[in-house]
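There are 4 protein chains.
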Amino acid sequence: MTYTVAILGASGYTGAECVRLIATHPNLRIGALCADRKAGQQMSKVFPHLRHLDLPALQRIEDTDFSGIDLVFAALPHGPSQEIVKALPRDLKVIDLSAGFRLRDSAAFEQWYGQPHAAPELQAEAVYGLTEFYREDIKSARLVAGTGCNAATGQFALRPLIAAGVIDIDDIIVDLKAGASGAGRALKEHLLFAEMFENIKGYSLGSVHRHQAEFDQEFSKLAGRPVEIQFTPHLVPSSRGILITCYLKGDAEQVLRTYHEAYANEPFVQVLPMGEAPMMKDVRGSNFVHIGVVGDRKPGRVTVIAALDNLTKGSSGQALQNANLMLGLEETTGLMLAPIYP
Amino acid sequence: MTYTVAILGASGYTGAECVRLIATHPNLRIGALCADRKAGQQMSKVFPHLRHLDLPALQRIEDTDFSGIDLVFAALPHGPSQEIVKALPRDLKVIDLSAGFRLRDSAAFEQWYGQPHAAPELQAEAVYGLTEFYREDIKSARLVAGTGCNAATGQFALRPLIAAGVIDIDDIIVDLKAGASGAGRALKEHLLFAEMFENIKGYSLGSVHRHQAEFDQEFSKLAGRPVEIQFTPHLVPSSRGILITCYLKGDAEQVLRTYHEAYANEPFVQVLPMGEAPMMKDVRGSNFVHIGVVGDRKPGRVTVIAALDNLTKGSSGQALQNANLMLGLEETTGLMLAPIYP
Amino acid sequence: MTYTVAILGASGYTGAECVRLIATHPNLRIGALCADRKAGQQMSKVFPHLRHLDLPALQRIEDTDFSGIDLVFAALPHGPSQEIVKALPRDLKVIDLSAGFRLRDSAAFEQWYGQPHAAPELQAEAVYGLTEFYREDIKSARLVAGTGCNAATGQFALRPLIAAGVIDIDDIIVDLKAGASGAGRALKEHLLFAEMFENIKGYSLGSVHRHQAEFDQEFSKLAGRPVEIQFTPHLVPSSRGILITCYLKGDAEQVLRTYHEAYANEPFVQVLPMGEAPMMKDVRGSNFVHIGVVGDRKPGRVTVIAALDNLTKGSSGQALQNANLMLGLEETTGLMLAPIYP
Amino acid sequence: MTYTVAILGASGYTGAECVRLIATHPNLRIGALCADRKAGQQMSKVFPHLRHLDLPALQRIEDTDFSGIDLVFAALPHGPSQEIVKALPRDLKVIDLSAGFRLRDSAAFEQWYGQPHAAPELQAEAVYGLTEFYREDIKSARLVAGTGCNAATGQFALRPLIAAGVIDIDDIIVDLKAGASGAGRALKEHLLFAEMFENIKGYSLGSVHRHQAEFDQEFSKLAGRPVEIQFTPHLVPSSRGILITCYLKGDAEQVLRTYHEAYANEPFVQVLPMGEAPMMKDVRGSNFVHIGVVGDRKPGRVTVIAALDNLTKGSSGQALQNANLMLGLEETTGLMLAPIYP
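Chains as they are written, first to last, in UniProt numbering: chain A, 1 to 342; chain B, 1 to 342; chain C, 1 to 342; chain D, 1 to 342.
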């Protein structure tokens, strides 16, 4: 069975990552690639690494015929995305990779993103796309909101622990290190090579990064009361990858056991043996998450380290995993690519 | 149909790359992983990025039962490799990724590698493994000698031009830039991160790099008389990738036309439009070669740029491509992975 | 006035950094360069970037005449260093950059470093070399123990706050990111370029890094009772630089005010305006420390970020600053080099 | 004796490098820093690594009083620079770091840069700023045109050989590798971290890079007849540094001897022993040039490798060297900083 998909925002990194993954997916074919500013160009011009593929030329969304399309990946900025998804035919399955539909509460969206929600009525039907925790809802969803890549990493580490009540939820610290591609292909001075190279830089300091809104929403829902974690992202000189170091109050053995229970049947989540911790590069280019637990010299303190690839498991791989579910395919189809190392 | 393979030297980069590629190959399974110094360890300890795979533990070659093995990938240093391949059961198909069997003339091996050939009788049957040019021989070979990764890159750029007689073969210059993994996982001071980072370093200057021996052998055979190119490799701060810039005397249009003819039906070789040139990262993690041609301001001079991934098309991907041929499988099976970018 | 110095361990990174800084120091000349394994070689062979300097050849320590030497920089591993410093003429001023003399308690040394202290009698006279806090003792010291580079960074951030009692000393978390050169020029697999590139890796997890011993010693002394911080170092793909993110319980305004008071007259410590944070590269190649304070969304939580260059302010620059004091020179002499950016 | 300088374009990399070098120059003080778009900002905001310096705030050029200024460094784009330098008081000494005044022939400027020369009358008095070869003219010049950074590197390698007639001037090939900062702080997609990282990319292929115009001008003048070299620059993942590999026809011994004669008394040019070659990082952050010569296996062929730091010797260090000469100071003043390694 073959399904036809369209990718909106194909000239960005998450769009290109969708194409890369679909290239070896046995049941999907690309029917349309959209990118407004680069409409008319061949994909081999915009992303020469995809030169070997027989791809449609880039086109404007408004010039696109969606009648033969089964599912759309919308890899657009969150502002336009709400408008554009709203304008798509109502029978299309949609996976939105932006922040446009991640927050259930439209007021929260306005507060964190500084603009009113452009499609609050659609928001109501959107399912939060963290596959391992919303699997059943995603299967029957029409609109799935891909998670923030940082938000995904933090949730893989913290959701089972908060749900099981094995850590102090008033003292959670997440120190995150992320590569450049998470910020997209936008032209910003701090993303220039000469600025990032041989550098590390904290940003959105003081727990004000927008992905914090997802933590607030999801962790508070899990705990049944407000949870506010401390969260500091750092930009590191890597093109891909996220690694988080979580400082928690709890018992290391109990924490590890909780992960083993939560992830026993998850094909993409690897829980490491006690005392081992993943490296950022262990998952590069793949849909895997690695999680490790280490007890601290100080009793009652535990460190959790987790790693994923922001473009794969953190966005486009997650999107494809959700697409598999929405289309009735085996969840892991096309996603078992091994990480590339070194 | 499933074939069982063994990988000798599984704790090195080319060995691990074989595992990565086989992980999503539909017709191969790994029956044994050998690594003498790390025998007894799990692969997940030596290469944690392969943690999700169900792999046999590392073992010594002498403890390995090859009776159920169809084909061996020998990813060992060239010295031991000649001895070890000689000792393998005679009915085993073998792909040797070292320099042990690349040079048809055992005297040339001794001259370039500073030691006598340990298996000259086997050398006689070894087929040089540059798939696109030795395809038919490889199909029926028992022992295939994988090429040097630098040597492969140079040959993709130069073989068609020398064969067609469209360039001056007495004035060929190849300036090569290669990432660190080509040197393997050996502990050498110049391969330390702090040494290579923010650095570029020429080595084996004066056209004395060992892969030069492959150029001598292959180009002289093609031309029917001795050909000696000038070849300078440089170590660049990348983990993977080779990019060569070739300075040639010839006509750009004729050169491009020659490539189009030579590579018209090659699934892994992409010839770019006139005036465009590949970047090193365009092929990362994939089995593709990209080649571009640019005419120089100076009449009669042409620049050719070619790129491949040293660990994939330059060694382990090439090996798998040959394995497919030797086992009667479709040549591209398991090798159509798209490059990972950025 | 010119003083003559010798550098022991001149073939390592901290030794070479001493040479770099002395090269433009107006009052110091290099009388001897020692490096046992490379004795007999020219420095231009071992470190070609120093080629323009007229330097003595490398020699064995036992072949060195110390009679004309005023001060020795010992940039050796901690084990040999204790023995070698003990054997030096008693009238020589010595700055030891190893961990050999950092811990006042020889039992603590044995516990953390796994070997008995080889010169406990010398330990008694050693002054801990964190200049800004031991300035007067250093002026009259004969033997100064350079601090750990990680330990220095943490202390610049935490000492004033612990001393002033403005943070909860039972809940201090330091997440550290450090470049490769802190591990020296030793041949270790995890320090290879291909391993570190595009990677981040936590190590000595669970607050068991050896520099923790310096934190224990210094912070407990300051607080008048045992203080145990949580400390996780990470190896990041940079050749130089340390950046720490400290998660503290306290008031941001009070924390910033405390820094302003503590560092008002310190030429090398730059306190940033409220809400700004340093980047790792802001201090590269220089003797400066940058410290920034950001209040968290969560009341009573504050994040402190500090950065220094491990080879300069973290070791060889600190050593030169101490040498200036020990020799009666102006403390900043030769050390006002601006950071190199980008 | 202290001279006061102004820096126009202080918010760019070459402007900031001027500030870095002047910071420890004993005879220069900074009277004004100009940057139109960032006028009103503190330098510590634009370049936090310069935070420790007491610098004037950035201001507009038209708001600047040049009455107390002795010399101006104009680190602006070439278009505006011609206009702005023309408008400066006639008695000001000026060092222009742009391409605005490098080409003696205004028609050549128009041809290579695609716009008419805005100050052809000033062009007549401009002296080409390659210090080692125009030293006497620079001493008495009012307006000095800093060279292109790539052009400087190529000339250090080739000028002595062309002048001495020891190489075939019709067959000169220069393969250049350059870090990102040579392209400045401009926002361009190919300069983003995620694009450049783990990548190598040739550009201005076919010998059409604008610095080629300087090669044409200078080499043809030296040879007394037109000389056209082949020149291919590559962008490499480094923030600083240029390394060139030159493929020449000549005798290695004679080439090396020629360098020794040409550079015997040059404080900043280091000629390496026969067979050794510099690495890019050997000169980072310094005003030194390293040159090495290797004979090729092929008789009559020789490879020359040269390295310099594009921001220092390739632009701002060169500018300061020229400023020293123009102000009657010792040429090396403030410029003997040792390279930073690793």
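Any given hint could be a false lead.
One copy or two, it doesn't matter: identical chains are merged, so the pair holds either way.
[To be verified] Only pairs whose alpha carbons sit at most 25 Å apart, straight line, appear in this in silico DSS-like list of lysine-lysine: (1) K221 / K298; (2) K298 / K38; (3) K86 / K45; (4) K188 / K38; (5) K188 / K86; (6) K188 / K221; (7) K38 / K86; (8) K139 / K249; (9) K249 / K298; (10) K298 / K139; (11) K45 / K188; (12) K93 / K45; (13) K93 / K188; (14) K139 / K221; (15) K93 / K139.
Everything labelled a hint here was simulated from the structure, so no lab data went into it.
Checklist entry - Which hint numbers does the structure go against, in order from smallest to largest? => result 2, 3, 5, 6, 8, 10, 12, 13
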